[in-house]
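S.K.: These protein sequences, in sequence, are chains X and H. Here our numbering is used: position 66 in the first sequence is 66, and no number is missing along the way. Here our numbering is used: position 49 in the second sequence is 186, and no number is missing along the way.
Hints should not be assumed to be uniformly reliable.
Residues of chain X placed beyond 10 angstroms of chain H at every Cβ, according to the derived structure [as the list claims (entries may be wrong)]:
| hint | residue |
| --- | --- |
| 1 | Ala42 |
| 2 | Leu48 |
| 3 | Val85 |
| 4 | Met93 |
| 5 | Ile99 |
| 6 | Val104 |
| 7 | Ala114 |
| 8 | Val125 |
| 9 | Ala129 |
So the derived list for chain X, only partly shown, Cβ under 10 angstroms to chain H, looks like this [claimed, not checked]:
| hint | residue |
| --- | --- |
| 10 | Ser57 |
| 11 | Gly58 |
| 12 | Arg60 |
| 13 | Asp61 |
| 14 | Thr77 |
| 15 | Leu78 |
| 16 | Gln118 |
These are calculated hints, taken from the structure and not from any lab test. Each residue gets a CB set at the ideal place from its N, CA and C atoms; glycine is no exception.
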Amino acid sequence: MLKSVERLPISAINLVLVSAFLLGAVIAGALGRWSGATYLGALGLGGLAGALYAHRSGSRDVTRLNALEQRDERDRTLAKSGFAVVGAVALLMVLVQFIVAITVAAIDSPFVWAAITQLTILCVVWGVANSVVVRRG
Amino acid sequence: MEGDYGVGQVDLTLFMVTSILVTMKSEVCSLRTAAGLSQGALAAALGVSRQTINAIETGRYDPSLRLAAQLSRYFEQSIEEIFDVEER
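Only chain X is shown next, with the shape it has when bound in the complex (with noise of 0.2 angstroms):
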């Protein structure tokens, strides 16, 4: 998924988020908010800064990893395990919310019902992710 195309300058999910962004920016300021619009569309430029510079041929693959711009099948295990620790502290830091937000907060607060469909979202994700790879072998 994360492959660069060929063509782009850019790698594919880099092109999402960048037009994304952009796109969000020309909305906000076809409404009329103008900060939102500055925010997105420096957010959307400062992005496509990022993905041009660790796409460069002598980029650092620290650089391309933090910047989506993965290169080859080193960068690809390498993304994937940084995305594994970043999943594993996601579903704990959601399992203590939930636990947090049960005890102190009334049962039917705003607070307990976002903790427990973040931590069902994460449970549920993680369940399809483990099949699809599994499947995959």
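With the hints as your guide, set chain H onto chain X.
M.R.: Chain H only, in chain X's frame:
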């Protein structure tokens, strides 16, 4: 049953033990040097990054079968001649 290990648990344990006890030694560095190539030049020829070649040469990264086959074809040597799995 309590105390039993599932297949996944056994696989993970085997993988971890194998990772600790087995290391891949490669001849990539000597072959590259003999061919008068820099790491960057070999990387460009194989379509990977210079860091990947460096990581293979220093034993920090085991290439996929595909990349090992590419190296084998490039240097006209068998995979077994380039890579040697040895126990520590």
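S.K.: Could you run down the list of hints and mark each one as holding or not?
M.R.: Status of the hints after comparison with the structure:
no.: 1; hint: Ala42; verdict: holds, 30 angstroms
no.: 2; hint: Leu48; verdict: holds, 21 angstroms
no.: 3; hint: Val85; verdict: holds, 16 angstroms
no.: 4; hint: Met93; verdict: holds, 24 angstroms
no.: 5; hint: Ile99; verdict: holds, 25 angstroms
no.: 6; hint: Val104; verdict: holds, 34 angstroms
no.: 7; hint: Ala114; verdict: holds, 32 angstroms
no.: 8; hint: Val125; verdict: holds, 19 angstroms
no.: 9; hint: Ala129; verdict: holds, 14 angstroms
no.: 10; hint: Ser57; verdict: holds, 8 angstroms
no.: 11; hint: Gly58; verdict: holds, 8 angstroms
no.: 12; hint: Arg60; verdict: holds, 7 angstroms
no.: 13; hint: Asp61; verdict: holds, 4 angstroms
no.: 14; hint: Thr77; verdict: holds, 8 angstroms
no.: 15; hint: Leu78; verdict: holds, 9 angstroms
no.: 16; hint: Gln118; verdict: violated, 26 angstroms
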